[in-house]
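In terms of full-length UniProt numbering, the sequence shown has 7 at position 7, counting the first letter as 1, and numbering is strictly consecutive.
Simulated from the structure, these hints should not be mistaken for lab results. Everything numeric in this text was worked out from a predicted model, so none of it was measured. We put the CB at the ideal spot given by N, CA and C, even for glycine. Each statement offered as a hint is correct.
Ranges of calculated distance between the beta carbons of each label pair, as one might list FRET restraints:
1) Ile64 x Ser38: 21 to 27 Å
2) Ser25 x Pro46: 35 to 41 Å
3) His18 x Lys75: 36 to 42 Å
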Amino acid sequence: MFSGGTFLLNQLSPQYKHKLQGTSSLITYLANLTASFSVGLLMATPYGWQMANLSAVIFMSIFILWLFYQFTRVKI
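Let's have the full structure, built from the sequences with the hints guiding it.
As structure tokens, this is what we get:
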């Protein structure tokens with residue numbers, strides 16, 4: 001994700017490269033910060049690890065169902 005985004009910056013004019021790179025980094029690190037604090041709050045509950053594992057299983061199940069849908073639909 002990071003290298004692909006950086007390579008795409010070469011397609012932009014030089015005056016916008018630094019602004020877009022800064023915005024991209026800000027969004028990435030804010031998402032990382034939010035995830036870190038969310039996990040901290042989740043682990044503070046009595047069922048922290050169970051909830052973390054359950055949420056991971058739910059997200060993986062949704063992703064697997066989406067992949068199954070993508071590969072089984074008719075492509076024209």
